[in-house]
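4 protein chains.
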Amino acid sequence: MPGVPPTRFIYLGPEGTFSEQALLTIPAAAKGTRTPARSVPEALEAVRSADADAALVPVENSIGGQVGVTLDELANGSPLVITREVVIPVEFVLAARGPVGLDSIRSVAAHPQAAAQCRHWLRGHVPDATVVEVLSNAAAAISVSAGEHDAAICVPVGAGRVGLTVLADKIADHPDAVTRFALVARPGPPPPPTGDDVTSLAVYISHDRVGALLAVLMEFAVRGVNLTRIESYPTGERLGRYVFFLDCSGHVAEARVGEALQGLRRICADVRFIGSYPRAQAHYGPASSAVAAADADYADSAAWLARIRAGELA
Amino acid sequence: MPGVPPTRFIYLGPEGTFSEQALLTIPAAAKGTRTPARSVPEALEAVRSADADAALVPVENSIGGQVGVTLDELANGSPLVITREVVIPVEFVLAARGPVGLDSIRSVAAHPQAAAQCRHWLRGHVPDATVVEVLSNAAAAISVSAGEHDAAICVPVGAGRVGLTVLADKIADHPDAVTRFALVARPGPPPPPTGDDVTSLAVYISHDRVGALLAVLMEFAVRGVNLTRIESYPTGERLGRYVFFLDCSGHVAEARVGEALQGLRRICADVRFIGSYPRAQAHYGPASSAVAAADADYADSAAWLARIRAGELA
Amino acid sequence: MPGVPPTRFIYLGPEGTFSEQALLTIPAAAKGTRTPARSVPEALEAVRSADADAALVPVENSIGGQVGVTLDELANGSPLVITREVVIPVEFVLAARGPVGLDSIRSVAAHPQAAAQCRHWLRGHVPDATVVEVLSNAAAAISVSAGEHDAAICVPVGAGRVGLTVLADKIADHPDAVTRFALVARPGPPPPPTGDDVTSLAVYISHDRVGALLAVLMEFAVRGVNLTRIESYPTGERLGRYVFFLDCSGHVAEARVGEALQGLRRICADVRFIGSYPRAQAHYGPASSAVAAADADYADSAAWLARIRAGELA
Amino acid sequence: MPGVPPTRFIYLGPEGTFSEQALLTIPAAAKGTRTPARSVPEALEAVRSADADAALVPVENSIGGQVGVTLDELANGSPLVITREVVIPVEFVLAARGPVGLDSIRSVAAHPQAAAQCRHWLRGHVPDATVVEVLSNAAAAISVSAGEHDAAICVPVGAGRVGLTVLADKIADHPDAVTRFALVARPGPPPPPTGDDVTSLAVYISHDRVGALLAVLMEFAVRGVNLTRIESYPTGERLGRYVFFLDCSGHVAEARVGEALQGLRRICADVRFIGSYPRAQAHYGPASSAVAAADADYADSAAWLARIRAGELA
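Chains as they are written, first to last, in the UniProt record's numbering: chain A, 1 to 314; chain B, 1 to 314; chain C, 1 to 314; chain D, 1 to 314.
Simulated from the structure, these hints should not be mistaken for lab results.
Check before you lean on any hint, since a few could be wrong.
[Claimed, not checked] These stretches of chain A come out as covered by chain C in the derived footprint (C-beta under 8 Å, 3 or more residues):
id, region
1, 36–42
2, 82–93
3, 115–122
4, 162–168
[Unchecked claim] If you anchor each label on the Cβ, the simulated ranges turn out as follows:
id, chain 1, residue 1, chain 2, residue 2, range
5, D, HIS174, C, GLY195, 55 to 63 Å
6, C, GLY77, A, GLY160, 29 to 37 Å
7, C, THR7, D, GLY311, 13 to 21 Å
8, D, ALA296, A, GLY195, 25 to 33 Å
9, C, THR7, D, ALA269, 36 to 44 Å
10, D, PRO79, B, ASP169, 47 to 55 Å
11, C, GLY195, B, SER206, 40 to 48 Å
12, A, PRO191, B, PRO189, 39 to 47 Å
13, D, PRO192, B, ARG38, 42 to 50 Å
14, B, PRO175, A, ARG307, 41 to 49 Å
15, B, ASP169, D, PRO175, 40 to 48 Å
16, D, GLY311, C, ASN76, 18 to 26 Å
Every residue gets a Cβ at the ideal spot worked out from N, C-alpha and C, and that includes glycine.
When you get a sec, could you build the whole thing from the sequences and use the hints?
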């Protein structure tokens with residue numbers, strides 16, 4: 001129900017992963033119920049069927065590869081909207097049952113992609129340990145807790161959940177990597193503009209021609225709206241229908257973004273609005289003052305046009 | 001005074017030229033007073049000072065070369081707007097005091113540019129006649145009427161005014177050439193949209209860079225507004241300020257044109273609105289149904305945006 | 001060594017996955033050695049270090065999520081190039097140790113994403129079976145072969161490898177889904193143009209502004225080069241350096257593509273060439289005749305320019 | 001004959017006008033023969049028929065209105081090229097038979113447009129004098145020399161030619177106005193690049209759509225070529241064929257300009273090359289160092305492409 005804050009949250013599980021860690025950064029979720037889902041489709045289905053009020057799912061990063069799944073789910077089926085984004089650092093720790101030395105580690109349980117992202121660290125610090133692949137970061141911690149392996153690559157929340165000791169933190173090879181999550185809900189009025197928002201769209205164009213994509217970009221460029229992300233996807237239909245996932249700066253309530261959306265609506269085969277929500281500032285740096293300037297520019301030009309239409313030229 | 005039909009007309013004289021002929025095609029002018037001016041600046045000055053209600057001046061064609069003067073006058077000084085355009089064929093006749101044979105013509109009085117535009121015809125039909133240059137097409141007719149020369153190149157209205165006999169008509173080398181005139185008035189509400197209108201603008205950009213001009217054109221292109229004319233002028237200020245005279249399809253009261261104008265206002269150093277007025281259809285062919293379609297598109301996209309902003313996604 | 005056909009192939013393992021199936025469609029690989037790698041980075045590292053001649057890795061699809069990893073690896077580290085693409089249908093089968101009825105299936109081993117992609121089928125055909133997640137499609141087949149579970153979701157080659165019986169084929173919910181793989185090698189002369197090629201690039205722009213991306217697209221648009229894929233990635237560096245992965249139609253040996261690449265080189269912070277290679281036609285439909293036309297156009301315009309420069313205007 | 005310097009010059013007459021004054025700034029013309037023509041078509045026809053080697057005609061300014069005629073002549077008929085531009089200030093003087101006081105002037109002979117350009121000065125300095133219109137600036141001087149009028153508005157060279165005394169100089173209302181002339185010859189190799197050149201083109205597009213014009217501008221923009229002038233002209237053919245006269249920075253021998261021309265050739269209905277020639281620097285300010293930079297950029301990108309095509313990636 002629009003206006004009622006969500007209390008029942010679902011997230012891409014299992015427990016003890018980045019998704020849970022990200023969900024806990026949202027105050028309402030910290031107080032509400034938090035249910036893990038086995039997959040992104042399952043999480044979003046729970047929201048569509050009103051079994052949950054909101055789902056936290058990853059939208060951008062290589063961790064787990066759910067990005068494609070999430071976008072695909074948002075672009076198809078009954079509409080859902082992003083109401084909030086959470087960006088958290090990709091932070092891996094090496095954890096064991098107790099404070100042992102690294103040279104005593106013989107086996108390391110890890111999700112294959114976590115192992116891949118820490119491979120330089122592993123090579124440098126536990127070169128003789130065998131990496132044993134498991135199904136998730138949480139499963140790695142659990143397997144160590146159960147005594148199956150000497151150490152686990154896991155996320156901080158996952159190590160703590162099963163009482164492991166962190167032997168080394170920040171062991172990912174790319175220290176600045178992040179994962180971006182979206183809190184997804186059923187359609188309703190977007191959260192109010194904050195002055196530093198993101199608007200997400202799925203845009204369908206009829207041809208794979210660069211000219212069609214150029215026309216899409218021009219709709220943004222002429223309104224001074226920046227794109228912060230663009231991804232093309234084949235739609236699965238064989239003959240040349242493409243979908244582009246676009247994130248742009250600004251809120252649908254702003255004149256410049258609203259005008260750009262109307263432009264897309266006119267030239268594209270289809271446009272799906274996926275939400276306007278506050279930018280997660282910690283990651284992207286401080287908000288610029290450009291938005292206020294843009295709003296003033298739009299107000300000025302609207303007033304000027306009104307004078308022209310009324311025959312009141314200065 | 002806005003809303004009061006003009007009764008006092010001024011036009012680029014002298015009497016008996018294309019300008020007078022064009023003015024007579026306007027019913028209100030046929031009934032009102034019609035005063036010739038010696039120059040375009042003089043005609044427009046009379047409107048600015050309220051000595052006349054409207055001025056008819058040429059805006060496009062080589063005849064007389066006043067184009068540059070007219071644009072310059074509209075772009076500078078206190079604002080004026082075009083309320084109507086008149087397009088008439090450039091039609092020259094060879095006229096004499098009576099119905100004589102072409103082989104008896106020894107001298108032809110002509111304005112230099114009229115002579116230039118009929119030179120192939122003259123070479124073919126009166127190869128032995130001497131062309132004597134005079135100050136205007138009207139002066140040519142008058143000089144023949146006064147017995148100074150055997151024949152005149154003049155416009156039909158000019159021949160009739162002094163009682164000359166037309167020996168040959170449509171003698172211009174380019175049979176489809178036209179002159180475009182503008183009826184210029186003090187600012188007021190534009191005439192209502194007709195579904196096939198033209199909007200004229202003077203647009204100043206700060207740099208001579210193609211990128212700046214490209215940005216201007218994109219403002220039109222993304223709204224589906226066609227440009228039917230573009231001309232750059234150095235502004236006279238030495239360091240790189242350019243003015244572009246643009247005619248586009250559509251009326252300032254239409255959403256697509258209004259939005260494009262607002263866009264120009266935001267990106268250009270200055271924009272001067274020079275009028276929205278009905279296209280002279282005789283010359284350009286029938287109105288397209290594209291305008292109605294464009295309006296419907298704009299209404300649809302505005303309704304769609306309103307639903308998004310209200311959280312009412314289908 | 002350039003010119004010497006590759007004989008030692010590595011692919012994203014384990015054995016019995018789509019990657020192996022895709023590799024077997026390449027005749028040279030069917031005859032050469034085929035080694036599975038545990039991750040995309042490991043596979044590409046083997047090529048970089050010359051332990052393998054070529055690596056087959058997924059570049060586009062949600063299966064397994066390696067897409068991001070692959071792009072990241074190609075964009076960084078010492079250069080590698082794609083020499084061939086392989087597109088195969090995402091085809092899942094349900095397999096068991098023998099020809100049992102579906103109603104006898106109590107547990108289904110599956111990689112989480114395979115389960116997600118077949119969930120409608122599972123719900124419709126084995127609604128009471130428990131899905132047990134395993135680490136890969138191959139592991140699912142192996143676990144069934146070992147008697148741990150009743151049935152497995154796996155790929156045809158994986159079922160056959162361990163002697164399972166296929167109970168149902170084409171069980172994926174999206175019957176037209178495909179995975180696109182790239183055969184990656186150390187730099188060398190690209191394969192010759194075929195008239196229907198793809199060129200892959202990683203393009204870095206200095207700002208996240210839509211204007212910069214628009215400029216990139218214009219480089220393609222003015223040469224009539226179509227983009228068939230575009231994806232933006234944050235580079236990991238915090239302050240606004242973006243990388244775009246672009247696939248365009250055409251071969252670097254063609255004039256239009258070469259000119260577009262030179263244009264990108266001039267305006268972008270960096271451009272990495274990732275290969276020109278034949279399009280996998282089975283998926284994309286027949287080659288168009290546009291390429292030949294484009295080549296003729298370029299030859300014509302070059303000849304025309306040469307005449308102008310020589311002062312030989314027609 | 002290409003390579004042979006022109007010795008027989010023709011110019012828009014009569015003698016004693018701006019055109020003659022402009023022609024005299026060209027050393028070869030100062031030594032060669034100089035013949036006045038009665039019109040721009042006549043001047044250009046003399047070059048086409050090889051009766052003259054080169055013609056000096058106005059291409060940009062309101063003085064005399066010949067602009068349209070010149071462009072029309074260059075765009076049609078057998079090809080001609082501009083080999084040099086001359087820019088001179090629009091400088092009017094008031095001249096009489098002797099050093100009389102302004103208050104004794106009762107009649108002023110003037111070409112109508114010269115009178116228009118000096119009207120503020122006339123109003124301020126000889127408010128009671130009658131302006132008598134004559135056919136040219138030269139005719140004004142001659143009429144005063146013959147005793148028909150008290151004073152003439154004319155150009156300095158025209159006053160001197162008939163021995164008049166200059167009573168006041170720089171009397172034009174716009175002190176910075178200039179006229180731009182072109183020296184036109186039969187096609188031949190263009191003069192060598194100087195590092196600060198202009199290239200003139202006539203470009204035909206099939207539709208009046210802004211999209212077509214946008215495509216033309218993109219051809220320049222992507223190569224970093226600035227447009228310094230653009231003018232659209234209806235072609236006279238009724239149904240929507242437009243010609244654009246474009247001046248861009250740079251020389252056809254430069255890579256960036258050559259590439260842009262080839263691009264226009266591919267997308268336009270027709271392109272006519274009208275010359276590459278040194279910019280008249282006095283008017284436009286010093287040459288920028290951008291050209292050298294552009295050349296280096298093009299050389300760098302060409303070398304880079306060659307390495308890619310050869311498989312020699314760094």
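Quick rundown of the hints versus the structure:
1. Counting residues of the region 36–42 of chain A whose C-beta lies closer than 8 Å to any C-beta of chain C gives 5; at least three are required, and the coverage claim holds.
2. Coverage of the region 82–93 of chain A by chain C is violated in this model, with 0 residues showing a Cβ closer than 8 Å to a Cβ of that chain against a need of three.
3. A stretch counts as covered by a chain when three or more of its residues have a beta carbon under 8 Å from one of that chain; for the region 115–122 of chain A and chain C the count is 3, and the coverage holds.
4. Counting residues of the region 162–168 of chain A whose CB falls under 8 Å from any CB of chain C gives 0; the rule of at least 3 is not met.
5. Distance hint check for HIS174 of chain D and GLY195 of chain C: the Cβ-Cβ separation is about 60 Å, which falls inside the suggested range of 55 to 63 Å.
6. GLY77 of chain C and GLY160 of chain A have their C-beta atoms about 35 Å apart, which keeps the hinted 29 to 37 Å range intact.
7. Hint check: THR7 of chain C to GLY311 of chain D, Cβ distance near 19 Å, so the stated range 13 to 21 Å holds.
8. For ALA296 of chain D paired with GLY195 of chain A, a C-beta distance near 43 Å fails the hint of 25 to 33 Å.
9. Look at THR7 of chain C against ALA269 of chain D: about 54 Å separates their beta carbons, and that is not inside 36 to 44 Å.
10. A beta carbon spacing of about 33 Å between PRO79 of chain D and ASP169 of chain B contradicts the range 47 to 55 Å that was offered as a hint.
11. Taking the beta carbon of each, GLY195 of chain C and SER206 of chain B are about 46 Å apart, inside 40 to 48 Å as hinted.
12. Restraint check, PRO191 of chain A to PRO189 of chain B: a C-beta distance of roughly 41 Å satisfies the suggested window 39 to 47 Å.
13. Separation of PRO192 of chain D from ARG38 of chain B is about 48 Å and conforms to the stated range, judged on CB atoms against 42 to 50 Å.
14. Taking 41 to 49 Å as the suggested C-beta distance range, the pair PRO175 of chain B and ARG307 of chain A conforms, at roughly 44 Å.
15. Between ASP169 of chain B and PRO175 of chain D the CB atoms are about 45 Å apart, so this pair conforms to the stated range of 40 to 48 Å.
16. Hint check: GLY311 of chain D to ASN76 of chain C, Cβ distance near 20 Å, so the stated range 18 to 26 Å holds.
The structure fails hints 2, 4, 8, 9, 10 (numbered hints given earlier, in ascending order).
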